[in-house]
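For the record, the sequence lines run as chains A and B. Heads up: the first sequence at position 129 corresponds to 431 in the numbering used here, and the numbers run straight through without jumps. Heads up: the second sequence at position 175 corresponds to 162 in the numbering used here, and the numbers run straight through without jumps.
Hints listed in this document are in silico derivations from the structure and should not be mistaken for laboratory results. Idealized CB from N, CA, C, for every residue including glycine. Heads up, some of the hints might be wrong.
To be verified - Computed Cβ-Cβ distance ranges for the label pairs, DEER-style:
1) B/Val94 <-> A/Glu576: 46 to 54 Å
2) B/Val99 <-> A/Arg412: 50 to 58 Å
3) A/Glu576 <-> B/Tyr147: 31 to 39 Å
4) B/Val99 <-> A/Gln532: 53 to 61 Å
5) A/Lys493 <-> B/Phe146: 36 to 44 Å
6) B/Tyr70 <-> A/Leu547: 44 to 52 Å
Claimed, not checked - Where chain A lies over chain B, by a calculated footprint (3+ residues, C-beta under 8 Å):
7) 5 to 19
8) 152 to 158
Claimed, not checked - A few chain B residues that don't get close to chain A, going by computed Cβ distances all over 12 Å:
9) Ser27
10) Ser34
11) Ala35
12) Lys52
13) Val91
14) Phe173
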Amino acid sequence: MKRLILAICCCTVFVCAAASGAGAADKVVFQKNSLYQYISVIEDPAKRERYIINNRRDLIQGGMAIDAPNRLILEYTRMAFMTLAYLGREPRSVLFVGLGAGSMPRYLNRHYPEAEIDVVEIDPDMVEVAKKYFSFSEGPRMKVTVNDGRVFLKRTKKKYDIIFLDAYQGGEIPFHLTTVEFLREVKARLKDDGVVVSNIISPFKNKFFDAMIITHEAVFPQLHIFKGRQSDNFEFIAPMKPHDLAGIAVTAQKIQEAKKLDINLAIIATSGGEASEYRTHARVLTDDFAPVNLYQHMQSPGK
Amino acid sequence: MIRFIVFICGAVVMSFEILGSRVLAPNFGNSIFVWGSLISVFLAGLSAGYFLGGRAADINPSSRKLGLIISAAALLLVTFPLYGIPVCDRVFEQVPGLRSGPLVASVILFFVPSVFLGAVSPYTARLMICSLHTSGKTIGSLYALSTLGSIAGTLLTSFYLITLAGVQTLIVIQGIVLLLVSVPLFFMKLSCRIGRTSGAE
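Full structure from sequences and hints, please.
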């Protein structure tokens, strides 16, 4: 019995240690068990950066440099703006599915103040956190709706120039935001020259990565994949009208100079490739068949 | 045999509930409201089933009637692909509320089958209680078996079955399994006379 109690005590200590999150040096600013996740806001005092981490893991959901809140510190958030080159004109209406720290909508709003930005976020606490700790604010041209992303897309009558898909719960995309039916609903809400970008995390080439390629290709005429250099993120960019990568690189350079963007779109353009370079064996994900969580832990059979 | 049937019915209830979340998600999302609706509707169905099953079991109980209860649930599951998605689409259009949408859809799709499946446990208990001295043991072990079945159904579905086949296919297969286990009940001559002696031993 004593041994049992000791064992339980040890476990408790271990769990508490694990719960303290990223590094010992990080300062926990805020913690809350929300309806959907365990949200912690932590600060790295050395780097002067603030992050949202999830579910007691180190998976970063969003981040901000405290002294330079307008910089995009996460690589994938910079990569996602390659969509501007596909659109090739000023965006007028943009949708973000998944708010996180809100750095992307904030960045877009700063550089394109005329654009109407909608954000749909399922977790009301995440909206509060973004406002309180990450300088996010709503305005006449930036609105947040608390709802499920798919339900929002099905209900809205609006059409968008760019749709950013970045809805994660823990480390996973909820299955109903991965299927061919969902992507068709996304496509139906894009303008004729619109573009969608999906943030796909794949630390190793897993079966989910393969399935997402096939599923995007089933809906959109083209899919380009941009690979993170410092992270495990891939940005899947699917435009309504096909573009060639060389042309995209040129447009990216022009936009970067014209808009004085602090992200190097021209360099990011060189990390892009045709989806066919990743040709793999997988099934299209459907509302009926989408084992997302399991596929994320399975090695891709293709490579 | 009859214990095995109780186990299977327990497994199907929870497996169907897990799959139910996948049926609702395309229209109603994955919000806390969807899970809340789904779980409470299943529990409401089960409790109605326990109540009605217990009542029905007091009127000439027979294994044939138990077979009918299970095959009624089976029929609803086998035909699910015919009405599952159309019902969700329709409710999505008619009921705009974030909470009421998934709740209404859950009631239409999941309440009746869980009533039938809930009725199985008390009905079986009635059939099996042939000695008042051990009725506690009989009821206890049936509840344990039913719940063990539910655990098996939950784990199997969420860990493995979801990767093997589509949601609609899995629901149909569960219906077929229910039909198969109900067949022997029509040939068993299981009945108890204890009710008629009103327990005077």
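Hint by hint, here is what the structure shows:
1. B/Val94 <-> A/Glu576: 46 to 54 Å: Hint holds: Cβ distance 48 Å, inside 46 to 54 Å.
2. B/Val99 <-> A/Arg412: 50 to 58 Å: 54 Å, holds
3. A/Glu576 <-> B/Tyr147: 31 to 39 Å: 35 Å, holds
4. B/Val99 <-> A/Gln532: 53 to 61 Å: 54 Å, holds
5. A/Lys493 <-> B/Phe146: 36 to 44 Å: 42 Å, holds
6. B/Tyr70 <-> A/Leu547: 44 to 52 Å: 47 Å, holds
7. 5 to 19: holds (count 9)
8. 152 to 158: holds (count 5)
9. Ser27: The assertion about B/Ser27 holds, with a minimum of 16 Å to chain A.
10. Ser34: 26 Å, holds
11. Ala35: Label holds. Min Cβ-Cβ 29 Å, cutoff 12 Å.
12. Lys52: Fine: 35 Å to the nearest Cβ keeps B/Lys52 off the interface.
13. Val91: 14 Å, holds
14. Phe173: 33 Å, holds
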